[in-house]
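Given chain A, put chains B and C in place with the hints provided.
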Amino acid sequence: MSLLTRRHFVRTAAVGLAAPALLRGARAAEPLKVGFVYLGAIGDYGWTWSHDQGRKQLVAALKGQVVANYVENVKEDASAIPVMKDLAQQGNKLIFTTSYGYMDQTLEAAKQFPDVKWEHCTGYKRADNVGTYNSRFYQGRAVTGTIAGMMSKTNTIGFVGSFKIPEVVMGVNAFTLAAQAVNPKITTKLVMIDTWFDPAKEAAAAETLANLGCDVIAQHVDSPAVLQVCEKRKIYGFGYGADMSRFAPKAHLTASLDLWGPYYISRAKAVLDGTWKPDDTWWGFKEGILGVAPYSKAVPDNVRAAADKIIADTKAGSYEVFTGPISDQSGKERVPNGERMKDADLLVMDWYVKGVQS
Amino acid sequence: MNAAFFIDAIITVVAVTTPILLAATGELVVEKSGVINLGVEGMMLIGAITAFAVAFDFGPDLGDFAPWFAVVCAAAAGAASSMLFGLLVLTLGSNQVATGLALTIFGIGLSSLIGAGYVGMTVPSFDSVFPDWLVADPLGRVLFGYSPLVYFALIMVLAVGWFLNRTRSGLVLRAVGENDLSAHSIGYPVIRIRYAAIAFGGALAGVGGAYFSMVITPMWAQQMTAGRGWIALALVVFAGWRAGRLLAGAYFFGILMTLELYAKASGFSFLPSQFWAAMPYLMAVVVLALMSARNVNRSDAPACLGRPFLPSS
Amino acid sequence: MRIRFEKRLTPSRFMLVATPVASVLLTMLLGAVIFELIGFDGPNAIYQTFITPIVASYKWQDVATKAAPLIIIALGLSLGNQAKIWNIGAEGQYIIGALCGAGVAMAFPNGQSFWIIPLMIAVGIAGGMAWAAIPAFLKTRFRVSEVLSSLMLVYVALQVLNYLIGGPWKDPNGHNFPQTPPFTPAQQLPHTLPGTPFPPGLAVAVLLTIAFWIIMARSVYGFSVRTVGAAPEAARYAGFDASRTVWSTLMISGGMAGLAGILEASSQLGQINLGFPSGYGFTAIIVSFLGRLHPIGVFLAGVILAVTYVGGQVAQTVVHVPEATAGIFQATMLFFILASDILIRYRIRVVREAPVAAAGARAGATA
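Chains as they are written, first to last, in my numbering: chain A, 191 to 548; chain B, 629 to 941; chain C, 245 to 611.
The following block holds chain A by itself, in its conformation from the complex:
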């Protein structure tokens, strides 16, 4: 009779229910190996650092189920293919290639390792085992653009970019549109340095923009050079991808943050569950892969409120920076009043909005 006390019953039931799980666990003891191909060094406090933070979050969230490997400083040429194949060879079953320039290489490696799931960041080519993922970086630009528009005293803001690719164009346009929304007199001076990596040229571009009257400068380049110039010239700037305030404590107002953790966790779970499909994912604030760094002391309260409102409205879906009327540099209207631009148009954007001097 005493064996049928509730405690005993519960304990037995728990063991009974747990048994199948324990058995399943014993069979699936092998953790999922996840590989990461990085463009730069994980210490760069920029693009690669953010991806690596995502990796760390993945490993922490799915502890025991997932093991992650990474390779840094992989060049975006044909030599990336052997690296990807090596990762596949070493048993990684889910591999993230974290830069646009790995697109064709990912597809090639994927062909040779069809049972590995590949995810290419910021690309557009997919296959049966290759998915793509991107972040709505432009939503972050809308936030920094709002801040820039409210804080610029010269009504001239600057942007240093590398190449005229859609991602950068979207960023420039979102930055400008958001600034113009709070300050219609804003013009954006844009310099594309036409190279992926040249910190000295980025710095010279920033100096030039400052010389021409910009007092807030945003950037889409791979080093903190622009911010360092902003600090020296006592003007403002924004970090991109990560909090870069260590390079420019006074100039750095805030930064858009790339928070890849949630995406990596979701994809790893999908592979573990067996539900992984090649997808084209484009998440943003709402889904948690985009964030904003803490505002610096220089940002006044009203600006903070405005910026926070943009974030909140974006998450709620009531705000979209690419909402008409939007005209291009020649004055022609591209997006009618009230209409939101479609994703497909954004992804091939090659024109700048009115107010951008390029």
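Please note that the accuracy of each hint is not assured.
What the hints assert, rightly or not - Straight-line distance between alpha carbons at most 25 Å, and here's what the computed DSS-like set of lysine-lysine pairs gives:
id	chain 1	residue 1	chain 2	residue 2
1	C	LYS414	A	LYS315
2	A	LYS532	C	LYS328
3	C	LYS414	A	LYS354
4	C	LYS328	A	LYS265
FYI, nobody ran anything at the bench for these hints, they're computed from the structure.
Coordinates of chains B and C only, in the frame set by chain A:
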């Protein structure tokens, strides 16, 4: 377009020009002695990482003295790496072109290796050491607002010009570059002079590299000199191996590079930007051809440039 | 006690072959020691870099893919180097050749016929030759050093590439990224020859190696090239025109570089984008020297350098050494081989008595 506009532009041009001027001045001396060292890019990177690493590691202990010490270390590192080149080329008689290229590849790799631990770090910028009141107004800024390395570069190119053209030692060095066998028969130590020239070139290349990691962008990133070493080589050719023309040519290149950015920022690019980026190299080739066309019997290049020293006795 | 270099009566053939081998072995040894000192697993790093690509059969395709363009370019360079004509601009000729071939592909977007690939290759070779013709012209007409002119043109070629793929030749379906439209299947060579892990480029490399060997060892032209380099005066007496040698060697090496470029674009990448310049043109210079300017040596040296590239990446993933180490190994091998050049023409003598005269104690060997 007021005075402030021009002053800002001048300051930007100076920043762009200085590292190239430093490296080219050093290479000028090397080539004047008859040796061509294509390892400039590698030596600059070694200088850049050395300066940064020293400034970062010893900054807290040395305080204000740190950047000076870092630059000296960069010069030493550049000179040391150039000695590797010198040993192969002068004592072991190896091919100068291949050895120089090997030095560049080695310098890129070594600096990346050492620098791996310094990515994402920063040091205080090595800026003007003049008192604030002097740098306050625009005129003060354009004259005194620069990093000490800028003044060092200007002094160096003028000193090298004076040395080569107005001193006996400079004459000897030039003689070694023009006709090493004759110089040798007169009794000049050709090899030793070339070693000294190579070391000098390495030291200045190292300082040029330090300018990147200490002044323009106080941080370390792989291959942060982004090809400036090759522009410096082009500059020596473009200047016809003359110091005065080197100074003018360096600033000419600097103005071109800055003009490209100004044009972009102001909204006009009447020629594709790649054209501007190719300009320094195209001009170097054109100048090379023009120089030889003018001098029917000889070009301005030191006659022994690139040829190994082969005394018959 | 002093070390003297004493000129040999005839160049040592033993040293000719032993020094490259020794260079590689010494680099491996030095590398293992230094990495151990820095804190990595030195021997394992060396093993992954140098041995794994050779023993692991799944790596052979990568090694062959990397070796083919290196060998093709280096064969052309070696010819010129024997005549003491230094083509440093192979990277530029590689790029221009590939661009010209891609231009043909884009001019015939629906080309299905069998001739499209041979045409692309022919135009690719012609493009490389044309780009090399500029330094050749400047040298013969203006006595401009081909070292400087060909080098400057590399950076011009890079800008031409950026301009074309970002502007007039941009892929209309490429989401505005700087790249050419992808080649159609008819315009692409297979990644590997069917049934083998080897790319078509490797077959070309093998054939060219044999061809160059025959030319350099057995033809009058090869002899004239060697003579122009070794004894210009004698060459003149023999009637070998130095100008013509400049033109022919530069054009041949430019053509080889262009060939490597279009082969790479057509069989490996299927289009040209910003990642196309891989530095093969510069690495081929190392290959040429490591191979002692001899076609068979060049072939082996190309394989060795490809091994270090591929192995360097393996070491990066397995031992976590930085990606930069491959470059350090390659430069070190080159340093060793350049340093050991002197041993071919001179032997080392340890002299116990004080030297009588200083003159002649240090003599440079020609490379």
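Taking the hints in turn, this is what the structure says about them:
With a C-alpha separation of about 17 Å, the suggested pair C/LYS414 and A/LYS315 falls inside the 25 Å cut-off, and the hint holds. For the suggested pair A/LYS532 and C/LYS328, the alpha carbons sit about 61 Å apart, so the restraint of at most 25 Å is broken. A C-alpha spacing of about 12 Å is found between C/LYS414 and A/LYS354, which places the hinted pair at or below 25 Å, so the restraint holds. Between the alpha carbons of C/LYS328 and A/LYS265 the distance comes to roughly 34 Å, so the proposed pair goes past 25 Å and is violated.
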